[in-house]
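Undergrad: One-letter residues, chain by chain:
Protein chains: 2
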Amino acid sequence: MTRFHQSVTTDIVIFTISDEQLKVLLIKRANEPFKDQWALPGGFLFEKEEPDKAVVRILWKKVEIKDVYLEQLYTFGSSGRDPRGRIITISYFALTPKDKIKIVVSDKVQTPTFRSVKQLPDIAFDHNRIITYALQRLRSKLEYTNVAYSLLPQYFTFNQLQRTYEIILNKKLDKRNFRKKFILLGLIKPTKKVLKGERQRPAKLYQFISRKPTELKKFF
Amino acid sequence: MTRFHQSVTTDIVIFTISDEQLKVLLIKRANEPFKDQWALPGGFLFEKEEPDKAVVRILWKKVEIKDVYLEQLYTFGSSGRDPRGRIITISYFALTPKDKIKIVVSDKVQTPTFRSVKQLPDIAFDHNRIITYALQRLRSKLEYTNVAYSLLPQYFTFNQLQRTYEIILNKKLDKRNFRKKFILLGLIKPTKKVLKGERQRPAKLYQFISRKPTELKKFF
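Going down the list, the protein sequences come from chains A and B. According to the UniProt record's numbering, the first sequence is numbered sequentially starting from 1. According to the UniProt record's numbering, the second sequence is numbered sequentially starting from 1.
The hints are simulated quantities; they were obtained by calculation from the structure and are not laboratory data. Some hints here could point you the wrong way.
Identical chains share a label here; the pair holds if one copy fits it or two copies do between them.
[As the list claims (entries may be wrong)] Pairs of lysine to any residue residues, derived as SDA-like cross-links and limited to a Cα-Cα distance of at most 20 angstroms, are as follows:
1) Lys-180 x Leu-142
2) Lys-218 x Tyr-133
3) Lys-212 x Phe-182
4) Lys-141 x Glu-71
5) Lys-98 x Arg-86
Here the structure is a predicted model, which is why all the values come from computation and not from measurement.
Start from the sequences, fold in the hints, and give me the full structure.
TA: See below:
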């Protein structure tokens, strides 16, 4: 059987929340095509290199980030997506509190910068499409998983949780309704701790029952 | 930048329900490696061929199936998965009523056979792992999407719906609980039709509000 040669890359969408905005990490391309344009961090897989390992290597090389939670997103392979010819890309996405990411600013790395998803610059290749797809996945995961844990401290108030949801979903949510629905999901539990504000009355602190990404609540 | 050469295949997990069992379509391999062993239908991508198009081509070539709903599952790329060297596979999964699949039995096709997921034979490569992954995806989709519509007729009783869930989840569900939870999901609506049995009293018929695969109910 004939085996055809394919070029395979990986591209990584890293989301965080800062300044009350959902942001994605972009880098400035050092080479053609799209030299000096913003793009997702990514690169070619070495021969025989496993995609999961390539992602870790590329994140370190391009933006000097490590220890970030990664999940495979989707594999894109249409012919028009790269001017160099058909290149297949295995995309990944990550979600992390901003302070957990250590970006080492050095001469080697390509100006890694978090940009608000609402005000993205011109982006190279089909990376806009990949970001849109990742955002969709993230939003749909909010509906039925504990994924928000990775953006919140261990203990948080219902207001903090709601604000996280509002920022990602890009809409205001009704306070009572949000509380009712979220409790129904069965993903969090109250603690005995409270958050004492200076002017407000103390707010009850909650925590996620599980802080592992794969555990979904079984409905049936 | 150096571009490495990769071999890329696609493998397809097609599920159906028949004889009250969840089954997956396997073919008998015509070539080495694993000649004469059961495997998922699959094959190499042509140079510059889009993965989605390769799947359609391969399904027709290997099992003479067309017009089946397909969804990309996951891309596997570990080094030990194929004795010919590292081959990346983009896997897909499908779910379809058995009578909608037209398998043309001919000399060209490789003995396409539906096998119960509970009694799978020895399977080539890491295809067992791919089937397990697909089954997981399918089960988790039952929790929050309308995916079951693709296995049910347009009008169905609550009992038929529950039985479909039980077969896929491989467990008995409490009738009252199932009904309560499913209504909460807001995916189906009652019709004015009834199913008249010979010995039972007529059962109310329901239908899915949407019979498109991507529409999920938004919780928030």
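Undergrad: Name the hints, by number, that the structure is in violation of.
TA: 5
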